[in-house]
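Protein chains: 2
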Amino acid sequence: MKRFLNKPENYVDEMIEGIVAAHPKDVKYINGDLRCFVTAREKPGKVGIATGGGSGHLPLFLGYVGDGMLDGCAVGGVFQSPSADQMFEVTKAIDDGAGVLYIYGNYGGDIMNFDMASEMAEMEDITVLQTVAGDDVASSIKGEESKRRGVAGIFFVYKIAGACAATMKPLEEVKRLADKACANVRTMGVALTPCIVPEIGKPTFTIEDGQMEIGMGIHGEPGINKGPLQSADEVVNQMLGHILADLPFEKGDEVAVLVNGLGGTPKEDLYVMHRKVSQILNGAGIRVFHVYVGEYATAMEMAGASISLLKLDEELKTYLAMSANTPLFSQVQL
Amino acid sequence: MKRFLNKPENYVDEMIEGIVAAHPKDVKYINGDLRCFVTAREKPGKVGIATGGGSGHLPLFLGYVGDGMLDGCAVGGVFQSPSADQMFEVTKAIDDGAGVLYIYGNYGGDIMNFDMASEMAEMEDITVLQTVAGDDVASSIKGEESKRRGVAGIFFVYKIAGACAATMKPLEEVKRLADKACANVRTMGVALTPCIVPEIGKPTFTIEDGQMEIGMGIHGEPGINKGPLQSADEVVNQMLGHILADLPFEKGDEVAVLVNGLGGTPKEDLYVMHRKVSQILNGAGIRVFHVYVGEYATAMEMAGASISLLKLDEELKTYLAMSANTPLFSQVQL
Numbered sequence: 209m210k211r212f213l214n215k216p217e218n219y220v221d222e223m224i225e226g227i228v229a230a231h232p233k234d235v236k237y238i239n240g241d242l243r244c245f246v247t248a249r250e251k252p253g254k255v256g257i258a259t260g261g262g263s264g265h266l267p268l269f270l271g272y273v274g275d276g277m278l279d280g281c282a283v284g285g286v287f288q289s290p291s292a293d294q295m296f297e298v299t300k301a302i303d304d305g306a307g308v309l310y311i312y313g314n315y316g317g318d319i320m321n322f323d324m325a326s327e328m329a330e331m332e333d334i335t336v337l338q339t340v341a342g343d344d345v346a347s348s349i350k351g352e353e354s355k356r357r358g359v360a361g362i363f364f365v366y367k368i369a370g371a372c373a374a375t376m377k378p379l380e381e382v383k384r385l386a387d388k389a390c391a392n393v394r395t396m397g398v399a400l401t402p403c404i405v406p407e408i409g410k411p412t413f414t415i416e417d418g419q420m421e422i423g424m425g426i427h428g429e430p431g432i433n434k435g436p437l438q439s440a441d442e443v444v445n446q447m448l449g450h451i452l453a454d455l456p457f458e459k460g461d462e463v464a465v466l467v468n469g470l471g472g473t474p475k476e477d478l479y480v481m482h483r484k485v486s487q488i489l490n491g492a493g494i495r496v497f498h499v500y501v502g503e504y505a506t507a508m509e510m511a512g513a514s515i516s517l518l519k520l521d522e523e524l525k526t527y528l529a530m531s532a533n534t535p536l537f538s539q540v541q542l
Numbered sequence: 209m210k211r212f213l214n215k216p217e218n219y220v221d222e223m224i225e226g227i228v229a230a231h232p233k234d235v236k237y238i239n240g241d242l243r244c245f246v247t248a249r250e251k252p253g254k255v256g257i258a259t260g261g262g263s264g265h266l267p268l269f270l271g272y273v274g275d276g277m278l279d280g281c282a283v284g285g286v287f288q289s290p291s292a293d294q295m296f297e298v299t300k301a302i303d304d305g306a307g308v309l310y311i312y313g314n315y316g317g318d319i320m321n322f323d324m325a326s327e328m329a330e331m332e333d334i335t336v337l338q339t340v341a342g343d344d345v346a347s348s349i350k351g352e353e354s355k356r357r358g359v360a361g362i363f364f365v366y367k368i369a370g371a372c373a374a375t376m377k378p379l380e381e382v383k384r385l386a387d388k389a390c391a392n393v394r395t396m397g398v399a400l401t402p403c404i405v406p407e408i409g410k411p412t413f414t415i416e417d418g419q420m421e422i423g424m425g426i427h428g429e430p431g432i433n434k435g436p437l438q439s440a441d442e443v444v445n446q447m448l449g450h451i452l453a454d455l456p457f458e459k460g461d462e463v464a465v466l467v468n469g470l471g472g473t474p475k476e477d478l479y480v481m482h483r484k485v486s487q488i489l490n491g492a493g494i495r496v497f498h499v500y501v502g503e504y505a506t507a508m509e510m511a512g513a514s515i516s517l518l519k520l521d522e523e524l525k526t527y528l529a530m531s532a533n534t535p536l537f538s539q540v541q542l
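Residue numbers (this note's numbering), protein chains in the order written: chain A, 209 to 542; chain B, 209 to 542.
Hint data in this document are derived by calculation from the structure and do not stem from the laboratory. Cβ atoms here follow ideal geometry from the backbone N, Cα and C, with glycine treated the same way. Among the hints, a few may not be true.
To be verified - Derived coverage of chain B by chain A (criterion: at least 3 residues anywhere in the stretch with Cβ under 8 Å from a Cβ of chain A; other residues may be distant):
1) 262-270
2) 343-357
3) 429-441
4) 468-480
5) 502-516
6) 530-542
Unchecked claim - In silico lysine-lysine, DSS-like type, Cα no more than 27 Å apart, as pairs:
7) A:K254 with A:K236
8) B:K459 with A:K434
9) B:K525 with A:K210
10) B:K233 with A:K459
11) B:K525 with A:K233
12) B:K459 with A:K233
13) B:K236 with A:K525
14) B:K410 with A:K434
15) A:K525 with A:K254
16) A:K519 with B:K233
17) A:K210 with B:K410
18) A:K525 with B:K233
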């Protein structure tokens, strides 16, 4: 494992200490618990947005805590759900009377713990609503969207809901926008290599030399097409074909695009992929409002990528275009 | 090579096409030459800043063309200098009568070609000044700073000079600030793996399993300490020790910090490293004005990192704090 590590059992704590030390004006942790991560710049009266999930996916999840995005994050071990107690502590910390929206990915442990935290919050008269993101079209067939895993597309849900909350809209409205973003986003991923969870010390799965797996999840969940590594254009062709057919995205639609690296793939290669994405969308008569290329949801050093499309309307465009300022993502008003 | 590529000989062109397609409101190329890359939002009367260098280092170099940073970039093949003609074309495109500053890294090919471009510009009555960045303390001993390679610290030079030019200062003043940033920045890198130049198709050097090389350059230039991979804390200790001793940075100084990933190293690991950087600076009584952690100067999929410190004074802080908006770097006013 060619990584910069100290003791593997301290990995998550040290990572969070490093983030808080780098961005002390932006974020802090509460109650002395490094896994309860909140914004350092509270906005009085604003709806709070909390997320949570396993570590190892930066900027997900805690990297998006900041202005115009999220207010708090419960942090789990690498690829592990945080506890309900931690989610509840974050909830209390970010509630300012306007209620809290949970936005998280569709994974069993996260759902169970966020449900428990929601019940604990209810007992303290904090109103909590939930939006569960499941954008990975490879993880379940059309018609069974509710079974789909949450992957990089959750970035768009955070961005839209975060901007909506920043304009001081009420909880129901923030949830409506989050749900609309979820309903309108589709993602497909491809993996070339596994990654290593530091405490385990070896790859949790293998992909042979010269092979790739289209549709693989960010924890190595099985994909839909394992086979020889193909050209960038052919990989994009396949991935985007599944995405376009699924919603479906049609001529005249307007979209935002996210070409996301999983950690070990160079930015150069992501732009080579984006070139083909752009050509296909042009050919299909789909207009592009804005493009994001970079690392938005990773699996440490895993080589691979994902493509997400978000179908836009006027209100989604308005919220997507607003500025944001978080430790791992900044956007000037578009 | 587990990468998303098409024909290797088209790699740079396709990468640039992907960038221009992703950021059409921000950047464009001129004269039909994909290697002559300029901002799409010219500012009348502003000093132009041009850079150039080999591909394979995104966000360097072209990723910093945009508001508050650079105005143009001549793009070479992977790890190759662009031509003097391309640099000259960029120079003409971005000059608006206020003159042009070249800022680039200290590599032989770049120096030769920028010198030639500067002479060509002079013949057309365009005033050109030059700042050559050499921040890598591993590449030459103290006292011979002019022999040092330019690495990730050039980000600070772009940021400072770009902000200065954005405030409509004259060419001499922009150059003074660029030179001051150069004089005040120090960097040390460490590599764990090589990378593969697509047209070559195999690693250009090797680092054995379990080994690392402190001080290695971003093209694989030899470092100062090749040996067994050590803990993150120990690696940071060594790197920062060289940096602090070199300027030297002393108690009471105020600095900006850049912990830069070379491409294949997870953001989590960079933050683990930053934790130790923060502890050492605290212990040394050095104040931290702002911290950047992420990928600012890479070598495609190379695993490794670098640490840069920029010694600040009031005017450097003012320019560092200003907002910037480029395809691969955005900053809200600090």
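Taking the hints in turn, this is what the structure says about them:
1. 262-270: Held - the segment 262-270 of chain B has 4 residues with a Cβ nearer than 8 Å to chain A, which meets the minimum of three.
2. 343-357: violated (count 0)
3. 429-441: holds (count 4)
4. 468-480: holds (count 10)
5. 502-516: With 7 residues closer than 8 Å to chain A, the segment 502-516 of chain B meets the three-residue bar; holds.
6. 530-542: The restraint on the segment 530-542 of chain B holds, since 6 of its residues have a Cβ under 8 Å from chain A and three suffice.
7. A:K254 with A:K236: holds (18 Å)
8. B:K459 with A:K434: violated (56 Å)
9. B:K525 with A:K210: violated (36 Å)
10. B:K233 with A:K459: Satisfied, since the Cα-Cα distance of roughly 23 Å is no more than 27 Å.
11. B:K525 with A:K233: Holds: K525 (chain B) and K233 (chain A) sit about 16 Å apart, inside 27 Å.
12. B:K459 with A:K233: holds (23 Å)
13. B:K236 with A:K525: Roughly 24 Å separates the two Cα atoms, so the pair holds.
14. B:K410 with A:K434: Since the Cα atoms of K410 (chain B) and K434 (chain A) sit roughly 24 Å apart, the hinted pair holds (cutoff 27 Å).
15. A:K525 with A:K254: Holds, at about 21 Å.
16. A:K519 with B:K233: holds (21 Å)
17. A:K210 with B:K410: Holds - the C-alpha atoms of K410 (chain B) and K210 (chain A) are around 19 Å apart, at most 27 Å.
18. A:K525 with B:K233: holds (16 Å)
In terms of the numbered hints stated before, the structure departs from hints 2, 8 and 9, listed from lowest to highest.
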